[in-house]
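Protein chains in written order, with this note's numbering: chain A, 1 to 320; chain B, 1 to 320; chain C, 1 to 320.
I should point out that these hints are in silico values taken from the structure, not numbers from a laboratory. Careful: at least some of the hints might be erroneous.
To be verified - Derived DSSO-like pairs: lysine-lysine, alpha-carbon spacing no greater than 27 Å straight-line:
1. Lys307(B) <-> Lys309(A)
2. Lys173(A) <-> Lys42(B)
3. Lys42(C) <-> Lys292(C)
4. Lys2(B) <-> Lys47(B)
5. Lys292(B) <-> Lys292(A)
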Amino acid sequence: MKLLDLAKNLNLQHLGEDVEVHRVAPLEQATTGDLSFIVDGKWLQHKSQASAFIVHTKLAPLIPPGQSCLISDHPPLDAARAGVLLGMTPFDLEPGIHPQALVHADARLGDRVRVGPGAHIARGVVVGDDCVIHAGAVLHTGTTLGARCIVQSNTVIGADGFGYEFVQGRHVKIPHFGGVTIGDDVEIGACTTIDRARFGNTTIGDGSKIDNLVQIAHNCHIGKGCVIVGQVGISGSCHIKDYAILAGQVGVVPHVTIGEGARIAASTGVAEDVPAGATWSGWWGQNHRDNKIQIVMMRKLPELLKKLKHLIDSEGKNSP
Amino acid sequence: MKLLDLAKNLNLQHLGEDVEVHRVAPLEQATTGDLSFIVDGKWLQHKSQASAFIVHTKLAPLIPPGQSCLISDHPPLDAARAGVLLGMTPFDLEPGIHPQALVHADARLGDRVRVGPGAHIARGVVVGDDCVIHAGAVLHTGTTLGARCIVQSNTVIGADGFGYEFVQGRHVKIPHFGGVTIGDDVEIGACTTIDRARFGNTTIGDGSKIDNLVQIAHNCHIGKGCVIVGQVGISGSCHIKDYAILAGQVGVVPHVTIGEGARIAASTGVAEDVPAGATWSGWWGQNHRDNKIQIVMMRKLPELLKKLKHLIDSEGKNSP
Amino acid sequence: MKLLDLAKNLNLQHLGEDVEVHRVAPLEQATTGDLSFIVDGKWLQHKSQASAFIVHTKLAPLIPPGQSCLISDHPPLDAARAGVLLGMTPFDLEPGIHPQALVHADARLGDRVRVGPGAHIARGVVVGDDCVIHAGAVLHTGTTLGARCIVQSNTVIGADGFGYEFVQGRHVKIPHFGGVTIGDDVEIGACTTIDRARFGNTTIGDGSKIDNLVQIAHNCHIGKGCVIVGQVGISGSCHIKDYAILAGQVGVVPHVTIGEGARIAASTGVAEDVPAGATWSGWWGQNHRDNKIQIVMMRKLPELLKKLKHLIDSEGKNSP
Numbered sequence: 001m002k003l004l005d006l007a008k009n010l011n012l013q014h015l016g017e018d019v020e021v022h023r024v025a026p027l028e029q030a031t032t033g034d035l036s037f038i039v040d041g042k043w044l045q046h047k048s049q050a051s052a053f054i055v056h057t058k059l060a061p062l063i064p065p066g067q068s069c070l071i072s073d074h075p076p077l078d079a080a081r082a083g084v085l086l087g088m089t090p091f092d093l094e095p096g097i098h099p100q101a102l103v104h105a106d107a108r109l110g111d112r113v114r115v116g117p118g119a120h121i122a123r124g125v126v127v128g129d130d131c132v133i134h135a136g137a138v139l140h141t142g143t144t145l146g147a148r149c150i151v152q153s154n155t156v157i158g159a160d161g162f163g164y165e166f167v168q169g170r171h172v173k174i175p176h177f178g179g180v181t182i183g184d185d186v187e188i189g190a191c192t193t194i195d196r197a198r199f200g201n202t203t204i205g206d207g208s209k210i211d212n213l214v215q216i217a218h219n220c221h222i223g224k225g226c227v228i229v230g231q232v233g234i235s236g237s238c239h240i241k242d243y244a245i246l247a248g249q250v251g252v253v254p255h256v257t258i259g260e261g262a263r264i265a266a267s268t269g270v271a272e273d274v275p276a277g278a279t280w281s282g283w284w285g286q287n288h289r290d291n292k293i294q295i296v297m298m299r300k301l302p303e304l305l306k307k308l309k310h311l312i313d314s315e316g317k318n319s320p
Numbered sequence: 001m002k003l004l005d006l007a008k009n010l011n012l013q014h015l016g017e018d019v020e021v022h023r024v025a026p027l028e029q030a031t032t033g034d035l036s037f038i039v040d041g042k043w044l045q046h047k048s049q050a051s052a053f054i055v056h057t058k059l060a061p062l063i064p065p066g067q068s069c070l071i072s073d074h075p076p077l078d079a080a081r082a083g084v085l086l087g088m089t090p091f092d093l094e095p096g097i098h099p100q101a102l103v104h105a106d107a108r109l110g111d112r113v114r115v116g117p118g119a120h121i122a123r124g125v126v127v128g129d130d131c132v133i134h135a136g137a138v139l140h141t142g143t144t145l146g147a148r149c150i151v152q153s154n155t156v157i158g159a160d161g162f163g164y165e166f167v168q169g170r171h172v173k174i175p176h177f178g179g180v181t182i183g184d185d186v187e188i189g190a191c192t193t194i195d196r197a198r199f200g201n202t203t204i205g206d207g208s209k210i211d212n213l214v215q216i217a218h219n220c221h222i223g224k225g226c227v228i229v230g231q232v233g234i235s236g237s238c239h240i241k242d243y244a245i246l247a248g249q250v251g252v253v254p255h256v257t258i259g260e261g262a263r264i265a266a267s268t269g270v271a272e273d274v275p276a277g278a279t280w281s282g283w284w285g286q287n288h289r290d291n292k293i294q295i296v297m298m299r300k301l302p303e304l305l306k307k308l309k310h311l312i313d314s315e316g317k318n319s320p
Numbered sequence: 001m002k003l004l005d006l007a008k009n010l011n012l013q014h015l016g017e018d019v020e021v022h023r024v025a026p027l028e029q030a031t032t033g034d035l036s037f038i039v040d041g042k043w044l045q046h047k048s049q050a051s052a053f054i055v056h057t058k059l060a061p062l063i064p065p066g067q068s069c070l071i072s073d074h075p076p077l078d079a080a081r082a083g084v085l086l087g088m089t090p091f092d093l094e095p096g097i098h099p100q101a102l103v104h105a106d107a108r109l110g111d112r113v114r115v116g117p118g119a120h121i122a123r124g125v126v127v128g129d130d131c132v133i134h135a136g137a138v139l140h141t142g143t144t145l146g147a148r149c150i151v152q153s154n155t156v157i158g159a160d161g162f163g164y165e166f167v168q169g170r171h172v173k174i175p176h177f178g179g180v181t182i183g184d185d186v187e188i189g190a191c192t193t194i195d196r197a198r199f200g201n202t203t204i205g206d207g208s209k210i211d212n213l214v215q216i217a218h219n220c221h222i223g224k225g226c227v228i229v230g231q232v233g234i235s236g237s238c239h240i241k242d243y244a245i246l247a248g249q250v251g252v253v254p255h256v257t258i259g260e261g262a263r264i265a266a267s268t269g270v271a272e273d274v275p276a277g278a279t280w281s282g283w284w285g286q287n288h289r290d291n292k293i294q295i296v297m298m299r300k301l302p303e304l305l306k307k308l309k310h311l312i313d314s315e316g317k318n319s320p
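The following block holds chain A by itself, in its conformation from the complex (with noise of 0.2 Å):
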């Protein structure tokens, strides 16, 4: 396919030669004829071999003279949508319900739901229209998902929360009543586990994005519009606000609430509430722009107290 037939396609300035283009690939991977996309200014520097680019328009006047480029303001869509016109297409399960998938009689499934095969759908479940359930993924009695939840393989929904009242010398086992509501749009990757409550709901809202082996515990409610990152582990009763970002291995104490908007950063440890809006980070989590002044202050501490040392034996010698 020509490069501009693409941009006229895709709704994209163009700029340079119409070469032909016949697949998109990763800079490093690319070859003649590949057609490649740069978000990042030091991408730039790549020495590819595709043919052409879709930039990113803030680095449009970076773009050296004639080389051949689509201008987009969201290059990793665009390029997808570049595949599927170039007939790549994304692996997904085929249509329908696995013959080899396990779905109870009185669970009930929306219009055009696919299960992969060993995918285990219990007794009362409800899907969504248009969901993807892929193999080996397990939706225990209480879940409930919307429209067009996609829930990657080998995960489990709805396994009882982990709680226990400590009589006697034992640990006793408190039942777990309650289910896990999920919103239309939510997406949960592959080895994710998240836990029905004691009683009423795990919730989590519409467009949240939940990536692999990341924990959610009973009675927790994740708002609308939330990223988790993979190993993420969220404690019993936690509130994740609307468009809160965790990142990746971020771990959350029992009871806390993370503002709307709020932003954790990789492996920090999230003791308290965070407020709305606000970016953590620490091993025990504070605002980060403290966190940071205290590890790059830390990291010359050696120096600094060396120097003070110095500096009082002077004053010493000065002195009388």
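Since the structure of chain A is already known, use the hints to place chains B and C on it.
Frame of chain A; chains B and C shown alone:
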């Protein structure tokens, strides 16, 4: 059901008006006709719509006069018992071996064992009476479970330990001949992995509770009544003694002993033996009290160093 | 079997009396008639009941006179070999494709491949000779495995990467057209997730070993002979060069390069490129030596600041 009838059945003290309750619900989701429960003083301020509450004994003096309550030493447990009396049932596997479970003919299952769809119980595995093995869980050869154990969905018990010997430039796999021996009343969360020993057995003692996404490596020995919270990782050949508590995301390096009743705070890295009864925390784990003082001091460091410099300067001016 | 016969078969030096041994067992579980093995000096103090030991060459001078031993450069490996000679067998899948495996008709499996019950190998997947795919593992379309790979139970290879573009207030999913390409002799632990690339392939080089519950995001490139321990999380588009070692729970932010042979300590957060051969540690990862000095200094900080203040005070008194 009348609150007074519940009080009699649960053998609890009753306060306030005798109202009708229909089900148990969490504070924020409860409406008229619901019974909720309160463990923590700050929850007393919660404006719940519930008609009645099960309140912890220590909070009884704070209950507003007239409020319908039951007084309990273990509110979550009694709430669960109330739920059963009100006709609620915890979701559980139906009795018996699911027709789509993958149980080897030479596995030995005790009485009243439940096995979910897609769960695999391999050749020679022994499962005690009243165990529940949820969907997609895998019990490899060499695994033995005591009575009344619960294994949540997609957990893997008895995979090979991660052991290699670096010989002439490559990592040579060390075969694992051992197994995993688990006591009575052990619960293991979803997507958790417990590896088999090289020789002998990885062991988990009676009554220990293990959460989701936990890694327990080969040849570990976990004592009785331990609590191991979500995403904890325990390296090979560690000893975790009876009643130790490891909070979420704790990591333990190989060959470490954590003493009886020790408590390790969330996200702590344990790089050496922990004494019995100790409380530890920190990225590089140490006594929790020391760690807290150092963190507070580090947060004051920018200000402290400024003050010190000022002190030195003013000393300098005064001295001659 | 006599220890002397084992020595001959394993081509190892023999010390002490020629005793009869029946099986291999770990130090603390061994009884009379067992062979155990010793790698570490402190294990020499262990009061094991074993009849004989395989001892590391460097510890040979410390062996008490008369003790029955075999001397080895690789005790764990030779213990495993001894196990086989004594008739022990590592647990493994039975040969062939399990009748309850879920293998797509259009997957291409090499010779002598073993596939466990409930494992799903999707359309178009290529699996090399002598691979072992354990129960419940999922290999999505786009996955290619070299020869002699082992995939432990419930691991997911080739799920969609976690990629969204924020457009007009919502996270729009970026489709993933790429795959996962894995070399020869790679082992992947249980409940691990390796995501497919957006375009092109996520790649893992020959001989790399990956533990349980590891997350490897889309478009990562892992070199040859790497060791990636349990619960490590590697974000999108990272390069991990040959023979790098990432200890347990390490986290790596997106677009980072970890140089050849670098070693990252447990629980380290890697937020920038790591030079080849470096050893790094810390919550905010840095050179391990610097990190250790700073941690020691931080632990002394309360005392140091007290001393400094005292020094200033006494200077003040002496000065006039």
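Structure-based check of all given hints:
no.	hint	result
1	Lys307(B) <-> Lys309(A)	15 Å, holds
2	Lys173(A) <-> Lys42(B)	25 Å, holds
3	Lys42(C) <-> Lys292(C)	24 Å, holds
4	Lys2(B) <-> Lys47(B)	22 Å, holds
5	Lys292(B) <-> Lys292(A)	18 Å, holds
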